[in-house]
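Visitor: Next come the chains, spelled out residue by residue.
Number of protein chains: 2
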Amino acid sequence: MASFFEHHVFFCLNRRETGDRPSCANCGSEAMQEYAKKRVKKLGLAGPGKVRINKSGCLDRCEEGPVVVIYPQGTWYTYVDETDIDEIIDSHLVEGKVVERLLIDRN
Amino acid sequence: MASFFEHHVFFCLNRRETGDRPSCANCGSEAMQEYAKKRVKKLGLAGPGKVRINKSGCLDRCEEGPVVVIYPQGTWYTYVDETDIDEIIDSHLVEGKVVERLLIDRN
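Chains as they are written, first to last, in UniProt numbering: chain A, 1 to 107; chain B, 1 to 107.
Where hints are given, some of them may not hold.
Any copy will do: because identical chains look the same in the list, a pair fits if it lies in one copy or spans two.
Here are the simulated lysine to aspartate or glutamate pairs, EDC-like style, with alpha carbons at most 20 Å apart [as the list claims (entries may be wrong)]:
no., residue 1, residue 2
1, Lys55, Glu100
2, Lys50, Glu64
3, Lys37, Asp60
4, Lys38, Asp20
Because the hints were derived from the structure by calculation, they are not lab data.
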């Protein structure tokens, strides 16, 4: 059976006030998730069979963050700003091409 | 490349105070996510290459909830209580067998 969402995107929004691990929310992940969600909707990509942009709790890869994972492909990206988010949307979500330069796991 | 987590489990914890859609958090999803996380850890299943139990925002299948999705398989379940969570853990996560009776999407 096909995946309910073609691309299910989870942004880690975990916020740590203290502690010895970095925190995605302290790297602006809330704003980037909101930005991605709005842009995907504006492009008409949102919905069943298409794309879902989700908030998530800690994805446990804090040291490599801020992180976003796209399923069912299982592709993990990091990002800095809207430019990176745009590239993930335009390349991965629209064209189905992995954005090599933003990959966390390199072959 | 193998998936970073063999089973990446997302529990919808979205809470709606009002509105015309049901809310997973109002069906006890917070307690069930916490229960699953503790049990998976106790069983030694948690970690890279194994299982990650995550919190997520609204998965947009509110009417079929409370919902949980497991990637990269893309298997969607609903559940009522710890008995159902135990079955998902013991069957899907440990033995790799889908729990047909809890599936949202039936063939």
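Visitor: Next, verify each hint and record whether it holds.
Guide: Verification of the hints:
1. In this assembly of identical chains, the alpha carbons of Lys55 and Glu100 never lie at most 20 Å apart, being 23 Å within a copy and 27 Å across copies at closest.
2. For a Cα distance limit of 20 Å, the shortest separation of Lys50 from Glu64 across copies, 19 Å, qualifies, whereas the shortest one inside one copy, 27 Å, does not.
3. Taking identical chains as interchangeable, the C-alpha atoms of Lys37 and Asp60 lie at most 20 Å apart only when they sit on different chains, with a minimum of 13 Å there against 22 Å within one chain.
4. In this homomeric assembly, Lys38 and Asp20 never come within 20 Å of each other (Cα to Cα): the closest approach is 33 Å inside a single copy and 22 Å across copies.
Figure legend: structure checked against the earlier numbered hints; hints not met, in rising order: 1, 4.
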